[in-house]
Amino acid sequence: MSDLRAALCTLFICAASACLSTHAQDSASPEALPPPMGSLPLQELKGGPVEPPSTDPRNFAGVWTPAQGLFGTYPPQNPTLPLTPETQKRVQRYLDMSAGGRHVATPHLACRPTGVQGMTFLKFPVVVVQTPEKIFFLMQEDRDVYQVFLNRGHPVDLKPSYNGDAVGRWEGNTLVVDVVGYNGWGFINEEAWSPSSERMHLVQRYTKSADGRELSIETTLTDPKFYSRPFALNQRWRWVSGTRQVEYDCSEYPPDTSVPLMYENEIFRPVCTTVLSETAGEKIVCEKTSSPAAKGK
Amino acid sequence: MIHRRECALIAWVALLGICARAGAAPTDFSGIWRVEKAVFAAKTMDGLLPPLTGAARKLYEQRAALRQRGDRTYDSATWCASPGIPRLMLIDHPFEIVASPRQVLFFYEWDRWARLVDLSGTKLDVVYASAMGVSTGRWESDALVIDTIGLRGNTLLDGAGLPHSENAKITERLTLASRDVLTSRIRVEDAEFYAKPWEMRVTYRRQPQKEIREDVCLDRTRLGKPAIQGE
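Going down the list, the protein sequences come from chains A and B.
Sequential numbering of the first sequence, starting at 1, is according to the numbering used here.
Sequential numbering of the second sequence, starting at 1, is according to the numbering used here.
Among these hints, one or two may not hold up.
[Said to hold, decoys possible] Listed next, the stretches of chain B that the computed footprint assigns to chain A, with coverage defined by at least 3 CB atoms under 8 Å from CB atoms of chain A: (1) 57–69; (2) 125–132; (3) 170–182; (4) 219–227.
Calculated directly from the structure, the hints in this document are not laboratory data.
C-beta atoms are modelled at their ideal positions from N, C-alpha and C, and glycine is treated no differently.
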């Protein structure tokens with residue numbers, strides 16, 4: 001799994017870097033370009049608007065990056081998580097399949113919203129846009145927008161979704177975010193196959209440091225379907241004004257059929273694929289779809 | 001004497017107007033909007049086909065022929081790649097505008113894309129071409145004027161297959177016709193594919209919905225729905 005993911009990430013970085021090298025010749029401002037590939041993959045750009053962090057402890061607007069660094073070590077490896085015995089078996093099955101070279105399509109690999117993992121582990125810079133009613137977290141990769149609604153509770157008729165429904169309230173200068181309504185298709189850590197269910201409940205506490213340059217996020221996860229007790233995952237973000245995001249369009253090209261994935265959830269099966277043939281070269285083929293195909297986990 | 005008093009009155013009213021406008025964004029476009037009439041095949045303000053160069057016209061006609069045969073593989077949005085700018089402003093999916101003095105966020109419901117338009121005056125270099133490009137904006141009286149460059153060449157200007165190059169420049173001029181009606185003049189400059197710059201006009205209506213919902217294009221297409229509503 002991690003090899004495949006690393007390969008996909010490398011593919012993206014190489015493609016982006018290829019674009020970079022193409023455009024390097026056109027740029028009138030060479031000092032704005034990042035160093036050549038190898039020293040810094042195209043994961044973070046400088047040269048954006050610079051401003052100091054807000055002195056308001058309740059204002060998170062601006063650009064943040066994971067304090068542990070880009071591609072930092074993801075903390076929740078399975079031994080630290082309170083997997084139920086059934087979950088342990090499930091996880092072991094996925095691990096065995098991965099070890100055997102059979103990769104199951106996950107939301108991340110299938111270019112879907114990452115859900116729980118995206119909200120509990122930031123890999124790349126995030127832009128926060130804030131209004132009195134909503135806070136938007138603009139994620140670089142997996143590209144997404146997480147919305148936290150500050151002026152309402154959870155809807156009664158909540159439709160399950162990848163990212164769930166996030167509502168926030170202030171406790172002093174700490175933003176407390178409550179997230180429910182997940183569709184259960186995401187993972188806490190795709191690398192370790194730690195699952196999440198539709199019963200997942202996140203409570204996140206966002207607190208800005210006194211100097212405004214660090215945001216601590218304490219997350220408590222409760223998912224009685226897969227975990228024997230609630231547990232915590234914490235992260236820290238650094239203020240990085242002047243940083244620009246790199247666009248990541250996971251769907252820019254249809255998946256290549258030479259990288260086969262197993263589709264336990266049919267909804268992830270691609271409609272269009274890139275077919276490689278020795279005689280015809282590369283061809284995009286799209287199937288005709290007509291009927292609902294989704295199924296639960 | 002009367003003439004002097006009138007002049008003073010006019011000057012005072014003008015000064016009040018200037019003071020009232022100072023310090024805040026001239027017009028608040030914040031809210032959720034949806035195109036009044038989706039644009040599948042963009043036309044100029046005169047309702048004509050944009051001034052494609054000879055080679056571009058040939059490409060456009062080839063795409064029309066493919067479409068006639070049910071083949072949409074000329075359009076990367078078919079497999080849910082970002083339609084990019086300006087097409088995300090032409091399709092029948094809502095978007096939210098969050099305006100502040102330093103930036104404007106466009107949050108498109110279509111597959112949850114976001115575009116930040118920088119108003120700070122910072123020169124943002126194009127480091128690589130992308131679907132959304134690099135957008136910078138400024139207020140000109142009551143109009144929000146957005147310049148977008150750095151667009152990658154494999155997106156389309158519209159569903160019919162109008163091409164653009166990586167050197168294209170898109171300028172949007174957004175103005176409020178009324179509280180609930182937003183209009184945009186979209187100017188396309190791209191000497192590689194068009195003999196001269198051309199413009200189109202699009203109108204958006206404010207939506208009663210308060211929130212942008214989670215949209216996952218690949219799930220929709222897997223369930224047999226079109227990648228872009230109505231196309």
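Now the hints, each set against the structure:
no.	hint	verdict
1	57–69	violated (count 0)
2	125–132	holds (count 8)
3	170–182	violated (count 0)
4	219–227	holds (count 5)
Consistency with the previously given hints fails for numbers 1, 3, ordered from lowest to highest.
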